[in-house]
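S.K.: Letter by letter, the chains look like this.
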Amino acid sequence: MKDQAMNGWGRRVWAVFAKEIRDHTRDRRSLMLALIYPLLAPLLVAGALFLAGKTLQGDFRQQFVTIPVVGLEYAPALETFLQDNNILFAPAPATRTDMEGAVREGRLPVVMIVPESARDQENFTVELITNTGRVDNLRITLRLSTIIRAYNERIAKREARAAGLPEGYGSAVKIERTNVSRDANIAVFFYNMMPPLVIFMIFLGGVHLAIDTTVGERERGSLEPLLLAPVERWVLLLAKALAAFAFTAVTTVVNLAAFRVFMGLAVATSERLSPPPAWDVFMLAFVIAVPLMAIAVALQMSIAVITRSMKEAQIYLGLLPLVPALPGMVMVFAPMNPTDATVAVPILGQMLLINQLVTEQAMLPHHLGIATLSTTVSAALIFLLAAKWFRREKMFVLG
Amino acid sequence: MPGFSGLERQRLGDTFDVMIEMDGLHKRFDQVRALNGLSLRAGDGQVTGLIGPNGAGKTTAFRIVYGLLRPDSGTARVDGVDVAQNRMRAQSQLGVLPDVRGLYPRLTAREHIRYFGQLHGAGGAGLEADIDDLIERLGMRDFADRLAKGFSRGQELKVALGRAMVHRPKNLILDEPTNGLDVMSSRAVRDLIAEMKGQGHCILISSHIMSEVSALCDRLVIVDQGRVAAAGSPEELRARAGVDDLEDVFVRLLGEGAKKSKNAEAAQ
Chain A
1 MKDQAMNGWG RRVWAVFAKE IRDHTRDRRS LMLALIYPLL APLLVAGALF
51 LAGKTLQGDF RQQFVTIPVV GLEYAPALET FLQDNNILFA PAPATRTDME
101 GAVREGRLPV VMIVPESARD QENFTVELIT NTGRVDNLRI TLRLSTIIRA
151 YNERIAKREA RAAGLPEGYG SAVKIERTNV SRDANIAVFF YNMMPPLVIF
201 MIFLGGVHLA IDTTVGERER GSLEPLLLAP VERWVLLLAK ALAAFAFTAV
251 TTVVNLAAFR VFMGLAVATS ERLSPPPAWD VFMLAFVIAV PLMAIAVALQ
301 MSIAVITRSM KEAQIYLGLL PLVPALPGMV MVFAPMNPTD ATVAVPILGQ
351 MLLINQLVTE QAMLPHHLGI ATLSTTVSAA LIFLLAAKWF RREKMFVLG
Chain B
1001 MPGFSGLERQ RLGDTFDVMI EMDGLHKRFD QVRALNGLSL RAGDGQVTGL
1051 IGPNGAGKTT AFRIVYGLLR PDSGTARVDG VDVAQNRMRA QSQLGVLPDV
1101 RGLYPRLTAR EHIRYFGQLH GAGGAGLEAD IDDLIERLGM RDFADRLAKG
1151 FSRGQELKVA LGRAMVHRPK NLILDEPTNG LDVMSSRAVR DLIAEMKGQG
1201 HCILISSHIM SEVSALCDRL VIVDQGRVAA AGSPEELRAR AGVDDLEDVF
1251 VRLLGEGAKK SKNAEAAQ
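Protein sequence lines correspond, in order, to chains A and B. 1 is the number of the first residue of the first sequence in the working numbering; add one for each residue after it. 1001 is the number of the first residue of the second sequence in the working numbering; add one for each residue after it.
Fair warning: there could be bad hints in the mix.
[As the list claims (entries may be wrong)] A few chain B residues that face chain A, going by a derived Cβ cut-off under 10 Å, partial list only: (1) 1089; (2) 1091; (3) 1147.
[Claimed, not checked] Below 35 Å or equal to it, Euclidean Cα-Cα: the simulated DSBU-like pairs (lysine-lysine) are: (4) 174/A <-> 54/A; (5) 1197/B <-> 1149/B; (6) 157/A <-> 1197/B; (7) 54/A <-> 157/A; (8) 388/A <-> 1149/B; (9) 1197/B <-> 1170/B; (10) 311/A <-> 388/A; (11) 388/A <-> 1197/B; (12) 157/A <-> 174/A; (13) 1170/B <-> 1149/B; (14) 311/A <-> 1149/B; (15) 1170/B <-> 157/A.
Derived by calculation from the structure, the hints in this document are not laboratory data. Ideal Cβ placement from N, Cα and C applies to all residues, glycine included.
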């Protein structure tokens, strides 16, 4: 008897699921969301990465850089040292206002000013007019500062030796950096942008289907005939949620694959950029994201069944992807470490784990277990709430 | 039989099997009283017509019978099954044509009928044969495999009828079945209703078109302000109102009903 009932509702879930999938594969809007939208962010990010790769082509430290200078003739020794380090010189604008304006607007990367007081002097001050708000300016300013620091150290060493002082006089503590990041470069920054964008897409992929199969059905008048069929309401909603889940999963696959392919193409021509994470990383990211898809669909369903119109649902659900994407964007700049407690927070757990995966840090298996359980249980609870709301008479009396 | 007048009981009680039954239905939406003790019965092999002004409570009464709304009090039964107690069993014995047809624009006519057959638990070759049969009976062959987007009202109605009849229900509820149809389609629907009646089905319809009601219905129930204002065969109602034209009957009996309820309120 129980088996028969299971078979009964199982068949009905399948009937509604198959109908929704057939219906929506014929719908241009649903297909656009599932197949075209997830290509956009990967194209943009990979495009930016490609341009960054072009800028960084070759070893930056070996590249010739032209710097506008004023008064370099007062410091010939510094001039020679800079030339030895591949710095070329160009005349600077005539007035100070012009110099500052040109740097502020990005027409010149930096302007170096050597005062007349430097003439025949060993100790003097050079001024660098720079704009650290621009990445290109910052890099050239840093390089110039590093060369000048090396020049100072050379003089300090020579003078210390002449005065009979010990080696290292004047710089008691030296800094030596050991960078443990595998191949720290600009590409990694772009790879870290992936998780929030993937999560954003997870919350968007099935949204049209979630709205259309619930509040949309009510608006078109097809919900009433549907509810006349001898089927439990939760069975109907579950089947619709599964259809939205299937669209979300397809969207996520397209999204992840597009990131991998486009990123791979973007770094293919550059020797300096590290390649994107391997395909198995992307596959694992998909597995980790499955509970996220479930909770995204459950949230979409619950919002869709309490709104009165498609328009109202679109407004709320348009904002929904921002909620989980925001902490993700913050994490690009201020990384948070996964702990037993943080991975237990629904949605956040998956975000932390995917971040960990993309940045190639070791993941603790029990973290994956906690995050999966916590988000899946939350998704189930939210779905039950949606199913309860779906039974309300207001579902059909209004609208 | 609570909720029925002595006359009703005498007229209906033993002459046919009651298949759709509403008994003292009350339903309120916030400040609006939609049903106010509505009781009626529809039997096998009969067409029962529900008529009344807009907002009289016809659609609410139907929605309670087919399990979409729960009454505040009173019961609705289909083949003796209390709808509130066993919604799904009652629904499996009902075929419903709602006022809003509500088709899926991206499904074909055939897919609509198949979908609802599957929702009723049917499947396989048996279901496909039933679908072919319905397509033939309802004259849908020309558009059976076309997407519903752009269907005429007549075509929409046929799909909705096919959808309502795919599980071979014993009882049919048809809400405004010929609303917006051209002459030919209206006639086809009337013929179908007559055929179903001949096969012994219990048919409950609501309509605004008096000529249609007069031609089709064995029994009429005039509903006003959520309760029955008058009930009987068209001939009985004509005799009671003392006029020949059914439209005049309707106006006169409604007027009487309104007066009665005013008096009752005044007496309270």
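S.K.: Work down the list of hints and note, for each, if the structure agrees.
M.R.: Hint check results:
no., hint, verdict
1, 1089, "7 Å, holds"
2, 1091, "4 Å, holds"
3, 1147, "8 Å, holds"
4, 174/A <-> 54/A, "34 Å, holds"
5, 1197/B <-> 1149/B, "32 Å, holds"
6, 157/A <-> 1197/B, "113 Å, violated"
7, 54/A <-> 157/A, "38 Å, violated"
8, 388/A <-> 1149/B, "32 Å, holds"
9, 1197/B <-> 1170/B, "10 Å, holds"
10, 311/A <-> 388/A, "22 Å, holds"
11, 388/A <-> 1197/B, "39 Å, violated"
12, 157/A <-> 174/A, "14 Å, holds"
13, 1170/B <-> 1149/B, "30 Å, holds"
14, 311/A <-> 1149/B, "21 Å, holds"
15, 1170/B <-> 157/A, "106 Å, violated"
Checked against the numbered hints given earlier, this structure breaks hints 6, 7, 11, 15; the rest are met.
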